[in-house]
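Both chains are given apart, each in its own frame, so use the hints to dock them into the complex.
Chains as they are written, first to last, in this note's numbering: chain A, 1 to 264; chain B, 1 to 328.
Bear in mind the hints are in silico, worked out from the structure with no lab data behind them.
Do not take every clue at face value.
Unchecked claim - What the simulated footprint calls covered on chain B by chain A, stretch by stretch (three residues with Cβ under 8 Å from a Cβ of chain A suffice, anywhere in the stretch; the number is not a length):
{"#": "1", "stretch": "142-152"}
{"#": "2", "stretch": "274-280"}
{"#": "3", "stretch": "313-325"}
Just so it is clear, CB atoms sit at the ideal spot from N, CA and C, and this is done for glycine as well.
As a plain string of letters, each chain reads:
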Amino acid sequence: MKAIVFVKEVAETPDGVSVTSDGQLSSGEGGAFLTDPIDPYSIETALQLKDKSGGEVIAITAGEPRAEKILKEALAMGADEAFLVHDEAASGSDPYATARLLAGAAKKSGDYDIIVVGERAADDNSYAIGPALGQHLDIPVLTYVNEVREFDPENKKIRVVRSIDGGSQVVEATLPAVITVVKGIHEPRYPSLMGIRKASKREVPVWSIADIGEEAERVGPSGSPTRMRSFDPPPPPSGCEMIEGTPEEVAEQLVGKIMDKKIL
Amino acid sequence: MAQSIWVIGQRGKSGISRATREILGKANGLAGGDSSAVTGVYCGASADGVADEMAQSGAGSVITMTDPRLETYTADFYVSAISHLAGDRKPDVILIAATADGRELAAALATSFGGGAVQDCTELEWDGDTLLGTRACFGGNRTAVVENCSPGAKVFSVRPNSFPVPDAGGGGVSAEEVAPVLPEGDPRVKVLEFIPDAGGTINLLDADVIVSGGRGLGKAEGFKVIQDLADVLGGAVGASRAVVDSGWIAYPHQVGQTGKTVKPKLYIALGISGAIQHLAGMRTADTIVAVNKDENAPIFNVAHYGIVGDLFEIAPALTAKFREVLQG
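So here's chain B without its partners, still in its complex pose (with noise of 0.2 Å):
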């Protein structure tokens, strides 16, 4: 029989977030398409039309616990809630999606089974009845393939952007409502407010297309070039770790091992030398494009297309020539 499979459901801008749906679809291919080994399992305070979506991704049946005090995450009420539900059903598999919060979620939960999370997994696979989860070590300078020998549940994390999207299928599943275990008493954690980064365009994760700068830029003020070919192919602005720490711009906008992991159909490159940090952010996208002047600069190992010469001269061509194809 396969091995049971949840996949802890996390709710994006609208519905069911991207990463959820990905690990639903990997998943589904982990139980060989036997959609009944994959259950989604939902917290929140309500749940209105989760089922469906986690079903149209790839789960066969779908457990919600609804309560007003799951409406935010915290890992008190969240391993609580997801814990005893565990206890009960004995999954043999948990996968959640390495957010922030994800992670916390998935360290705790399977340190109160008893075991440990492998986390931030961007490959899983089966090895006979064994899933082994593929991580990046050392800030992407190694790759580890990792078995969770834990006591009951096996936890991973998994990495956004590591899987395809499944195609919307299936749906019509109806959700099997359970009341959640959750602690007595005042919450000793309480979330307060939640602030949004500043500039909502920063959508690296969902991203088609991302243009990136690294230090090659200069300055801050040399972000303006990626900036306005960003803005002519609409897509998002992203950075490497060294103009991050520099301060020239802020970390949600940062690719790689420390910052985010992006899928875009078209990475744009500019500046950037080509760090293992940061090449294990964006090795990941469809077609990278590399524009550096140091025709050495390892950025130039992972690209497809590779241009050596000043970005400053380059990033505005390419503005120019790209609004004429596409602006007519």
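Okay, chain A solo, but in the shape it has when bound (with noise of 0.2 Å):
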């Protein structure tokens, strides 16, 4: 059984984040870096799937050098081998051209059972990947995953129960299959100090965007269909009417308030 998990690097805060003449998130140098929130949730799963069915995990992200940090934080958790894609051409990707890279990545690693993704990213916050992902590798994709019900990778098949609006839906599908997780499909683990240390020892491979077939006018900003005009905080308060009073003058004035407004 071979799992691909993608991860991602996100910034700490969005104070040192700007947007290129492009249209691109662009992080800067200064700031923090994180594991996107969603991802140990996503290596937690494919994990467990490993623990069930043996074979392999591969962590895969698309960014620049200084991502191999998160990589190494999956090999601590314990994936079994990591990749970094990078190039030049490649920086500043929104998250359609990103899913070609990633697309191409998955293609090189050759045959794999599963991909496994968060829902979103919490930066971009754009529930793109898991789909466009599907599209491009032609494989069945299915999105908002808070539990695996059945793995089998020998008879090519999958059950997972999605949470989608008004309840949870129960959903089979071939493999190789996409998900996409949500958080608390299982409590991540920690990663040992033994697993910290045998991280921190390993190369991460690079695979420029020749090595995964893919084409630089066709990722990076002019890969990009979606650009920002605009990344500025929300809009500033309206007023606030304090009410004042013991909890029964409050309550008499609020409720007041209300009735005459017509509010109800």
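See below:
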């Protein structure tokens, strides 16, 4: 069994983040970067599939060289291999250009049974990677997964529970497939000290866009269909009327105002 | 000539979903009231009544694609049906309600066109001939205005409750029925079962009144005062992410960037400090009341009425007063 997990580095806060003239997020240099908070759940999901079915878990990210750090965290948790897709031409990719890079990386890493990725990224919030990967790789996608009920790589079958509007949906698909996971699917394990020490010594191979069969104009800003025109803090607050008094007095005043204004 | 706008229809509990109607109304506005530019597109096992309902909310024409295999949404079949139709008819813009399935469909459909979707928009506006979507990033800490430069149709998903439901009018449109182009062979994805959320009363998206609780409740049992107030107002119970993450209440109650965006007439927040990610989901309410111990809590920045105090004293007093006024 081979599981691929795609992880992502995100800026810790948006304070140092700006938008380039190409309309893409630029994290600048000084800020702190973290593994996207959803990623440990993706990694844990893949590791549990491996615990049951045997095989290997491969962690991949597309990004800057510093993102090697988050791949080492994945290795420390228990991933078997890690690869970084990095190329000058791919810098400043929107989620859809990034999905091309990741699809190329999946193809290069050979036959896989499942791809696990977070439902959305904490920074751009785009809910794009999973469904876009499904199109590029022509495999089924199961989004918003909160439970893997059955995973049978031998018979190429997976059954999951999706968390969707109004309830849960039980869905079955053929493998290989992409699943996007929601927080809470499993409690992520902590890396062991031994795992951390071993991971720190590992080399992380770097793949260029040529290595994964992509072309410069299909990735980076030129291959990015979505472009931000602006990126600002949300609008300033409105005025708030404070109501004071004992609980009975404030209740009387507030209920009076709400009834007078026919809000109900 | 006005750009042609498609709105992909989703079904709700009865008929076309409220979110779809909101988007049809907005699409009509974007077309400058020229409803001939707005087409409702519907996929399903049957399309009874769909054309009229979509027309009443602003569609000038309706295309339906019916097939038993389209009864439940699956990306494989819906993307196939809609992308083939779009290939023939070449709409300029496609709008989809940003439900879980809607966001998946938007991203997959846009990728199939060689582009990308602008997801989760809370506002849409023209800049000349270019449609721009406004959306939240970084858990609501930033607002981005995004252009869609995709080749072909520009796909946007729109967060439910971002726009008012249009007054019903018009109608009398007869649907054009088109045979959907679907993949051959066995479906790769099979939907086996749908289990509705426990307590069918969690109707946050449609509620006129929402009473929400946060960390100030102290523990799961604290929700009793929230429930009591909601009951007397006939409202729904909401919650902040902090208390959902703590396991005090189930995720379907969560209001905020990673939960639901709500638009009730009255939103009462008790013991919610007002993290940006919560504000992103409730600042759309018509009237907001906040009760918090901390006078500097950010929730007061978006509230219309604020009360500084102990929610365990204030909430029961509000419940008693509302009961007296509403029930005589």
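Exercise. Are there at least three residues in the stretch 142-152 of chain B whose beta carbon sits under 8 Å from a beta carbon of chain A?
Worked result: Three-residue rule met by the stretch 142-152 of chain B, so holds; n is 10.
Exercise. Are there three or more residues in the stretch 313-325 of chain B whose C-beta lies closer than 8 Å to some C-beta of chain A?
Worked result: Answer holds; 9 residues pass the 8 Å Cβ test.
Exercise. For the stretch 274-280 of chain B, do at least 3 residues have a Cβ located nearer than 8 Å to some Cβ of chain A?
Worked result: holds (count 3)
Every hint from the earlier list agrees with this structure, and none is contradicted.
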